[in-house]
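Colleague: Chain by chain, the residues:
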Amino acid sequence: MDTLNELLGGFATAMTWQNLIFAFLGCLLGTIIGVLPGVGPVAGVALLIPLTLNLDPAGSIIMLCAIFYGTQYGGTITSVLLNTPGEASSAITTIDGYAMTKIGRAGAALTLAAVGSFIGGTVATIGLVAAAKPLGELGLLVGPPEFFALMVVGISLLVALAGKSMVKALISGALGLLISMVGIDPVAGAPRFTFGMDRLLDGVSFVAVIVGVFGLSEILSYRKNAETPLVHAPGFRSLFPSRTEWRRSAPAMARGTGVGFGLGLIPGMTGSVSSLLSYASEKKFSHFRHELGRGAVEGVAGPETANNAHANAALIPLFTLGIPASPTIAVLMGAFLQQGLTPGPSLFTEHSEIAWAIIASLFIGNVLLLLLNVPLVGLWTSILRVPTPILTALILLFMVIGAYTINFSVFDVFVMIGFGLLGLALRNLDIPLAPMVLTLVLGPLMERSLRESLEISQGDFSVFLNRPISAVLIALGVLIICSPLLKFRKPKALTEDPEA
Amino acid sequence: MTQSPARARPARSVLAGIAAFGALGAYVLVSSVSLGLWTSLGPGPGLFPFAMGAVLASMSVLWLLQELKRPSAAGEGADGGLVLAVVGSLVLLAALLDLLGFQLGMFLFLMYHLKIRGKRGWLSALLTALAGSVGAFYAFNYGLNVALPVSSIPVLNLIGL
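Protein sequences, first through last, are from chains U and B.
599 is the number of the first residue of the first sequence in this note's numbering; add one for each residue after it.
35 is the number of the first residue of the second sequence in this note's numbering; add one for each residue after it.
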């Protein structure tokens, strides 16, 4: 009952006209980012953080969350109409989505994807409501050793799943941790790796680093002769799926919700993994599996439901334990921290009103996206007709504004440029970027919990093994990292996750 | 990166990358010691960086061994002209931002990318550049209360740039 009252209180805050506008703007911008091939959700959310810096914490996070799950919707449009995923988790949708376009069912594919996304997102948000209190209370019992161990597991999972080489993933993770250590040491107050520069005493700006590594490096790695694609929006009538298409999609949506929700709870699993596994489950369980690959509705409804269920479920570890489950959530966590909100169990005790307003806004955002996406598909496709030079120039404009406005300093623009070049080098060396963004956010928290643990135990490292929860978690982390030595084989699909 | 059995040696760019990460790891290892690994109160400011430096250095060695055993193909290089144009123009913009102000600096930046690099028509380039510079300045300054820089040159400042 308490939970319901708090959720209703959250709705009261989320439904003020200001917050509704923020949610609407977030959905709009998120869809545009999702539609644009080349700007992923990580860079997109980071790019738009400066827009929200002057807003109150609730409005700011409501808008950023809406941007985040809006990208999941937007990515579908290009997958279906252009055979080009707007973002990684919609990649698998290209197979049947584009095949449906070729047989004149693009409109139905887009509607089913939007409805599936709405169902997946809403069910996962209900899961968040149910889990928030009990997990949050459990989280309050977690001490520094358990918190450190939990982060070790999260990072190990991401490292293990990111890309083809664990060596390269570890390099990426270590780089992120090192960057996060620039500035004043949080315990002793000593400057570290500042090279005598006063501007680095506060550390390297998280937003500038993320925009550089993910956004600028993406533009720098564009290939020559990128042409504006030819795209035709489906007519209004074709947006309505037939009764058979609805009937066939329902079980796929149910399976997609289960897969996305379950995997969203696991740190390190990205939305792409959920949509890939959902497609795999359709291949195994669907009555029409023989039609997959040739324009089967299950191939669109399942993965699209799964990636939105994943996106919303991935907020559960963030809200309850303070652990970001994916790179985009890590950027979102950075935004929480910039607003003075620490995600985790204390969020519900110290900022309960804001936490529930954000959760309530997830329900509102899902409805807004459904209303925005299906009828306005023509508008979204027209964005794809904007010539590449104009899009590139405008994206660069937002990057400069984004980097500058963090501290109103040109120094951060130079930081962004430097990290853009680093991102380009990492891409060329085939080093995954995902572990870096996660460790960049978790670095300070991880170091603090390690040092607090060792201070409690007076320097005895066995503190991590003497406490049962942390011992199990550390063992799990070690097992994950050592899995290649034990010759556990990853599914091929996981090793090729483009989001990683 | 696809494996290339025909290659006998690791690609230069890969070796350069390994060397850079190895050197960074070694630098962090040495610097961390001077920061202090342990204090009377417990772990010092250098302990965590020391561990990360060790990871970076050891992974670089491991990567080198992997490359020597089975060299991977060099990644497809970026378009050098594009990198130079984007990075050069961004550096110039950042360097002149406080002097010229956001509106003029961004207008010139956008015109370069739209007209010269993008080969757009004059009207399309001018309209987009004006919207992106003057439009964005007013939208951010007055709509979002986010102050973008104005020119430090008195004449330009006087005319609102």
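To be clear, the hints were calculated from the coordinates, so they are not data collected in a lab.
For each residue, glycine too, the CB sits at the ideal point set by N, CA and C.
Treat the hints loosely; a few may be bogus.
What the hints assert, rightly or not - Which bits of chain B does chain U cover? Going by a derived footprint, with three or more residues having C-beta under 8 Å, they are: (1) 84-98; (2) 137-150; (3) 187-194.
Colleague: Confirm or reject each hint.
Modeller: Hint by hint, here is what the structure shows:
| no. | hint | verdict |
| --- | --- | --- |
| 1 | 84-98 | holds (count 8) |
| 2 | 137-150 | holds (count 5) |
| 3 | 187-194 | violated (count 0) |
Hint 3 alone, counting from the list given before, is not met by this structure.
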